Amino acid sequence: MTATPTAGLTGVRQMSYAEALVLGLRRALESDERVRLMGQYFVGLTEHRKLVASLHEDFPGRIWFPPIAEIGYVGAGIGAAISGLRPIVDIATASFIFQAFSQVVNEAANIRYMTGGQTAVPVIFHVNHGIRGGGAAQHSHSPQAMMWNTPGLKVMLPSSPRDVHGLLRTALETEDPVFWADHVKLFDVVGPVAEEGWEPIPFGVADVKRSGSDVTIVATSFMVQRSLGAAEQLATEGISVEVIDPRTLVPFDLETILTSVHRTGRLVVVDECHRACGVGAEIAALVAEHAFDALRGPVRRVATLDVPIPFSPALEAFVEPTEAKICAAVRAATG
Amino acid sequence: MTTVASPETASAGDLVDLLERMWAIRAFEEKVSELYARGRIKGLLHLGIGQEGVAVGAAGQLRTDDLVFAGHRAHAHALAKGADPERLLAELAGRTTGYCAGKGGSMHISAPDVGFVTATGVVAGNIPLALGAAFAAVLRERDTVAVAFFGDGAGQTGAFHESLNIASLWNLPLLLVCENNGYAEFTPLSAHTKVERIGEYARTYGIPTATVDGNDVLAVGSAVAEGVLRARAGGGPTFVEALTYRLRGHYEGDPAKYRELAELAEWKAKDPILRFTAVLVERGALDPDGTRAAEIEREARDRVARASEGALAAPIPGPDDLLRHVYAGAPG
Amino acid sequence: MLPRLATSLLVQQLRTMIRIRRFEEALIRLAGEHDVGHFHVYIGQETTGVPALALLEEGDVSYTTHRNHGHLIARGVDPARMLAEILGKSTGTNKGKGGTLHLASTEHGFPTTSSSVGGPLPIAVGSGYALKERGLDRVSVCLFGDGALEEGAWHEAINIAAVWNLPVVFLCENNSLEALGQKANEYPSSTLAAQRLTDLVRPFKVDASAVDGSDVAAVHREMRRAVRRARSGKGPSFIETWTVRWPGSRPIWPQLVTGETDLAFGWDAARIPDAHADWFGRQDGLLRFLRELLAEQRITREEVLDIDRAARAEMAAAVRFALDSPYPAPEEALEDVFA
Amino acid sequence: MIDAIRGALDDALAADPAVCVLGEDVSVGGPFGATKDLVERYGEGRIRNTPISEGTVVGLAVGAALAGLRPVVEVMFVDFITLAMDQLVNHAAKLHYMSGGQLRVPLTIRVQGGAVGAMGAHHSQSLEAWFLHVPGLKVVAPSTPADARGLLLAAIRDDDPVVYLEHRGLYWNRGEVDGAAETRLGQAAIRRAGADVTIVAWSRMVATALEAAATLAGEGVEAEVIDARSLVPLDLETIVGSARRTGRLVVVHEAVERGGVGAEIAAAMSAALPGALQAPVGRVGAPFAPVPASAELEALYVPSVERIVEAVRRTVGTATAPVA
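Residue numbers (our numbering), protein chains in the order written: chain A, 1 to 335; chain B, 336 to 667; chain C, 668 to 1006; chain D, 1007 to 1330.
Bound conformation, chain A alone:
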């Protein structure tokens, strides 16, 4: 468990997630001349993309615009990492990772192991994941469960401006391929970020976003924000909820979660992946395995229902994990 000691740092400013992300990219480009950005949709097609445009002006020649050829440029990112650059490859909408799947899971993830540790692939793959509103079945994916099932990749899922900014620094210093997913709905979330210096946030250290004593919620990415909203609501009903954000799936901080579950005895896992074999399934299974006796009821999962994402806004709201669903799961857990 870590606190969020932004108070002690100088120059802390409230900024949007998108701003913190782009500030991180800027510092990456400033601090390490090996860094190249391949792609330009880091904050999607939102208004925030102007921030990315400012990077073009300040770092000419270090941002590359590949053709619509995901196998080609994702593979090129891997090769560039092998040969001494630190590419941050933007696959943009997470659904497009399926075009480049073989390069990510068969090549990047395996190379260190296959070569007996000889060759490092320090590449970062960035995607915008999640149900964005009207994205329908081919622009709404959350592929992180598949990435978690792929040994060799590190998986980073920030949920706040401070986290995206700090985790990016650690990702950049990581000698392994990192899969980095931002939820499209996080870009407008505002929070404190230290403007000076570049505070790293380590991988494998979960963050307790809210303390509580009745139920533990483990949530990732944008679901952290939704869970915090739900916790606020539940507090008015007298239910005290602890919200834990693992921040990275690989490495995974099981300890912090187990400590909390030993205290609360109840666990709700909130994740936007599809339910079957989703991130929630693994967390539920792990906790059930390691805290069997501490659990006072079954682990409840709030996940996206197992259907392709429908287009209609009415249907979309029904499939995704909402605050109302989180509240209902917590109420059911506390019985």
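There may be inaccurate statements among the hints.
Straight-line alpha carbon distances no greater than 20 Å define the calculated EDC-like cross-link-like pairs of lysine to aspartate or glutamate that follow [as the list claims (entries may be wrong)]:
| no. | chain 1 | residue 1 | chain 2 | residue 2 |
| --- | --- | --- | --- | --- |
| 1 | A | K325 | B | D655 |
| 2 | B | K377 | A | E47 |
| 3 | B | K592 | A | E289 |
| 4 | A | K50 | B | D589 |
Among the chain B residues that face chain A by a calculated CB cut under 10 Å, a handful are [what the hints assert, rightly or not]:
| no. | residue |
| --- | --- |
| 5 | L380 |
| 6 | C435 |
| 7 | M442 |
| 8 | V458 |
Derived list of chain D stretches under chain A, where covered just means 3 residues or more per stretch with a C-beta under 8 Å from a C-beta of chain A [claimed, not checked]:
| no. | stretch |
| --- | --- |
| 9 | 1120-1128 |
| 10 | 1177-1190 |
Hints were generated in silico from the structure; no laboratory data involved. Values in this document were obtained by computation on a predicted structure and should not be read as measured data. All C-beta atoms, glycine included, are put in the ideal place defined by N, C-alpha and C.
Assemble the complex: chain A is given as a structure, and chains B, C and D must be docked to it using the hints.
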């Protein structure tokens, strides 16, 4: 949908019909744009205003049982193939009466009853699908043609190349129609490839290739007619590259600042509807003072307005609809 | 014809080719007794890989495929460590984690070897991009078979190399010549609609050539041109080399169907068995190169036999080293997943 | 088993002219002989060799399925399905749903995998968890020749895309095959009855689990071994029924444990049987590493009889009073 006779021998009625079809699409897309601005339609919306000549020219040569697979900018292809504007608009607005009952939206429209099989949100994702439909036609001994519409951006994808190779090797009845509008998403083609014409790839695989003015509905029709004839006769695939231009951004809301105003003005002057109207006047199919042309436009807009009212009055799907259609058979 | 190179360099290339041949023959025998998984040998293609890779220098990177053994030996990897890897021993180049399909040696310029057809092409392009961005005059070479041209990855990769003008050499070893008419359980030839493989390259405006892969002079000439172009910022090149597939590589598992290569076939045609007259008499590039060296008196028969004896002894020792080496400790299976 | 697969293909091709077979080398029998001699009987049109273009070939098959065929695609190694993920995930699995039920994709994708023969990280994986995570795909994994036939016939007849997972290590196993039987999708089989613990496995792990059960019987622990065989739809009813009786469950699969199907079954089971389980659901899967090439490392990587026995012992040994 009836096939339009070859452009050379087309009757005045056939020609006016082509103009009406282009107006039907233009009116539809402008209405959709308006509804999107008003928040009545959500999601990513890609309009093909300015490219109507390709869809109408090509679809005019197809039968209902010819199967069309299109990309993310597909309203025109669906309408040209005969899709019902009201059901299409209802789909864009996420209504139960939409073609896909609200599950597809703009990028995934599907109207199989008129031979518009599906659109796809993945660049070039539809090309292998059309290839498969062409393969099925051969195996089932049908003389139908499969058609893939795609943009110049698709030319840089692996799926495109793999499909061209197989279509040529297996001599499949596939029509590949590339709408080269000069921009792959937000980037001029020259930044994506050294290839100037996407048709150059097709030639390397031995596929007969025609490059035509995509804003000339008759030129597109001629090239496609030749390809359809070849495909039906067992002569294999044809590649038609139609040079055109989208007058809107990549998606609704894209300010498209990556383009020069002069370029835009130049292409506005080449608007396929304006040009074809002039041709029809010249051929005597329309009166020179523009009365009939204005009427055609008004009728198209009226029809779309009615379709829009009907579509927006339709119910929004409920939770009961959600879990249907994941599987054709027993649910998983 | 021979390339215009010093005799010592030509003899060095012949030695490397003989070592590759003896390595692969030893491996085929070894595979009869030990499970090495599905493997592929380089017999018959030595005259492409050896002269081509001889033009590379320190810092140049190379990517290869499942048919990689010859390429690694050509750039100086120790055959003993390769065989150990193929047997899954801890002394192997990849500590037993790669096996024959993924032999790699970073210090010799093979960062990783993919056995996914077309898989290495985008990666090689990425290395080219990095080398260029880092301002180095180094080259990224991608070796692949004709089958890779059927993959979409190939098109995406060469397009990017072309439009970004990267220092990449695409070396396509087309070993499907005379492989037509294959029977069940033999490899098919490439299934491509293009008339010539180089036709596929033309639209991308990449310099392309096709040469006889058993002609050392031709391979040397084209490769030297391509490497110079890359080093001087002129962008990518594509070279196709034609070789005839060795009869022993036609079954799914390589077999010594022709027996071992008797180097005396190079000067005594009467010894060539009738059953393999085409192969040893005409198609085998190694023997062709040997004959050319003998004809120009760059080497004597005795020197050839000396080289051969040394190569056989080296490979016998390599086999012993591999067999004697320990297997990795079980817990090593969990290592090297992450840094 | 390979003959059972071939026989099922043969019968399906004979029974329905819409069935066709597509894949690399299929007209020369394929690398393992699953399509041997079919080209002589059905011609090169229906037994169609393709280029090495996995993504496009799967897409092509989807298109052919939309246009009235029932294609069976062979992707030579499951590892290479990564090259076809977009067509599989974004098209095959979704077209029925996205079109509001208008389109159907009756497609079977035959792939083989498994860590057998020291083939390393690109030719040895078990990737079923990914397919389970994609709504719209059905997934089956036979463990016997009879099921290989029965499930393949059912997959071909099914109107949805089915990923049919073969295990290379089972190809040469022999067993009784009923010429007519079709194995219904979504029905598990109890391979061994037992009262003390339930073991769920599929594909090659069924045999390993049965061996483990034999060892455990020697210790007085009677394990019930369930062959899930159809993963989507999954026969939770049979598994829940058994686990309710035994109070203990161990899930065994060859795929990587982290994020694997075992996690899903464990999570679903805890929710379905609150309080009825006397121990946490045990999971036995591959470690969190790519598949090593060395035959010795490979043997350590694949879940063994011993690991299953140990997991069961842990499950049985940790028995406590049922939790609230």
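L380 of chain B as an interface hint toward chain A, with CB separation required under 10 Å: holds, 9 Å
Status of the C435 of chain B interface restraint (C-beta, 10 Å, chain A): It holds, given that the least Cβ distance between C435 of chain B and chain A is near 7 Å, below 10 Å.
Pairwise hint evaluation, D589 of chain B against K50 of chain A, where the allowed Cα distance is 20 Å at most: Roughly 13 Å between the alpha carbons, so the hint for K50 of chain A and D589 of chain B holds.
Verdict on chain A covering the stretch 1120-1128 of chain D, criterion of 3 CB contacts below 8 Å: holds (count 3)
Residue hint V458 of chain B, partner chain A, criterion CB-CB below 10 Å: Check passed: Cβ of V458 of chain B comes within 5 Å of chain A, closer than 10 Å.
Per-residue hint verdict: M442 of chain B, partner chain A, C-beta under 10 Å: holds, 6 Å
Restraint status (C-alpha distance of K325 of chain A to D655 of chain B at most 20 Å): holds, 17 Å
Residues of the stretch 1177-1190 of chain D with Cβ under 8 Å from chain A, three needed, outcome: violated (count 0)
Given hint E47 of chain A paired with K377 of chain B - CA-CA distance at most 20 Å: Status holds; Cα separation ~17 Å.
K592 of chain B paired with E289 of chain A [C-alpha distance capped at 20 Å]: violated, 55 Å
Violated hints, listed in ascending order, are 3 and 10; each of the other numbered hints is respected by the structure.
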